[in-house]
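Here's the letter readout for the chains.
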Amino acid sequence: MKPLRNIVWLSMLLGVGIIVQAIEALYLPSLIIPGAKLGLANSITLLVMIMFTWKDAFLHVVVRVLTVSLITGTFLSTTFLYSLAGGLTSTLVMIIWLRYFYGAFSFAGVSLMGALTHNITQLFLSVLILGHIGIMTLLPWLIFMAIITGVPNGLMVNVLKPRLEKATAQLLNA
Amino acid sequence: MLTIWDRALIVTVMAAAALSFFLLPKAIGATKGERSVIIQSGSRPIQSFPINQDRVINMDGQDGFCVVEVEAGRVRVKKSDCPKKLCQSQGWIDDIGELIVCLPHQTVINVSSKNTEASEVDAVVR
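So the protein sequences, as listed, match chains D and S. Per the numbering used here, the very first residue in the first sequence carries number 12; after that it's consecutive. Per the numbering used here, the very first residue in the second sequence carries number 260; after that it's consecutive.
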């Protein structure tokens, strides 16, 4: 059984992740190429795996993708499949990167690896589903998009993490 | 905020993007020549015809409709009932290797070289 404080934290982060992803999916237009998004929810996943365990991060991603698919009405559709596949592989890579390479890389590097994995997974999946190798021509654009979305997300986590820790410490001492 | 390794990673990834930008079209096999339009639903090609034959194709499926227009050697999605209309806003395409993808309808419209069978695989090495 987790302490109550952790449950509250995880729930709050899950709520933020769901809202951010849902707003992105429903209201924000695609960036530059069709389907490209900011991926802000990814930085929340990164926060979860930093502050808690890798198991919590996976649970966070699965529940977030499920809930957002219910909000946007894409549950069990191909969109849902892309979302889940991208979420799971990027989480896996970020967990590995965080565990073995954090220090040399800041959270920006970890986040970039996650964004890159997310985009490439979805690209390969779309080649598989649509059976059309020509989709691979999007690869350079998707790699480029991973840089301009992944790095700022990671920088945000660089700033957020110490602040969140300070805030919790203050709450506990109050 | 960014460590040296972060910067190295960003540069490497940018180089990979640039490299794939130049190498991919060759790898996929875009060759010059006469062009044809191939329309695919899911992984199954449903129509294929030369791009210089003007026509309007109405595609009605169980999950909606999609109107494809071919005119003056180029092709576009004229109308679609998909939610974001990304296929529609992409406009005209005319180059070999260009494609319009409508994910909600699982439809791919592709400009390919004339002989589609031959262009897919140059050679098979066993």
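It should be emphasised that the hints constitute simulated quantities derived from the structure, not laboratory data. What you are looking at is a predicted structure, and each value in this text was computed from that prediction instead of being measured. Misleading hints may appear alongside valid ones.
[What the hints assert, rightly or not] Among the chain D residues that face chain S by a calculated CB cut under 8 Å, a handful are:
(1) S22
(2) F63
(3) Y113
(4) I146
(5) I159
[Unchecked claim] In silico DSS-like pairs for lysine-lysine, Cα to Cα no more than 25 Å straight-line:
(6) D:K13 - D:K48
(7) S:K285 - D:K48
(8) D:K48 - S:K343
(9) D:K48 - D:K177
(10) D:K177 - D:K13
(11) D:K172 - D:K66
Don't be surprised by glycine CBs; every beta carbon is placed ideally from N, CA and C.
Results of checking the hints against the structure:
About 29 Å separates the beta-carbon of S22 (chain D) from the nearest beta-carbon of chain S, more than 8 Å, and the hint is not met. Because the smallest distance between the Cβ of F63 (chain D) and any Cβ of chain S comes to about 23 Å, over 8 Å, the interface hint for this residue is violated. The criterion of a C-beta within 8 Å of any C-beta in chain S is not met by Y113 (chain D), whose closest approach is roughly 10 Å, and the hint is violated. Interface hint status for I146 (chain D): upheld, as the beta-carbon distance to the closest one in chain S is roughly 7 Å, under 8 Å.
For I159 (chain D), the suggested interface contact is broken, since its CB lies about 10 Å from the closest CB of chain S, more than 8 Å. This hinted pair does not check out: K13 (chain D) and K48 (chain D) have alpha carbons roughly 34 Å apart, beyond 25 Å. With a C-alpha separation of about 28 Å, the suggested pairing of K285 (chain S) with K48 (chain D) is violated against the 25 Å cut-off. The suggested pairing of K48 (chain D) with K343 (chain S) holds, with an alpha-carbon distance near 14 Å, which does not exceed 25 Å.
The straight-line distance between the Cα atoms of K48 (chain D) and K177 (chain D) is roughly 30 Å, outside the 25 Å bound, and the hint therefore fails. Pair hint K177 (chain D) plus K13 (chain D) holds up; C-alpha atoms about 21 Å apart against a cutoff of 25 Å. Proposed proximity of K172 (chain D) and K66 (chain D) is supported: the alpha carbons are some 19 Å apart, at most 25 Å.
Violated hints, in rising order: 1, 2, 3, 5, 6, 7, 9; the structure is consistent with all others.
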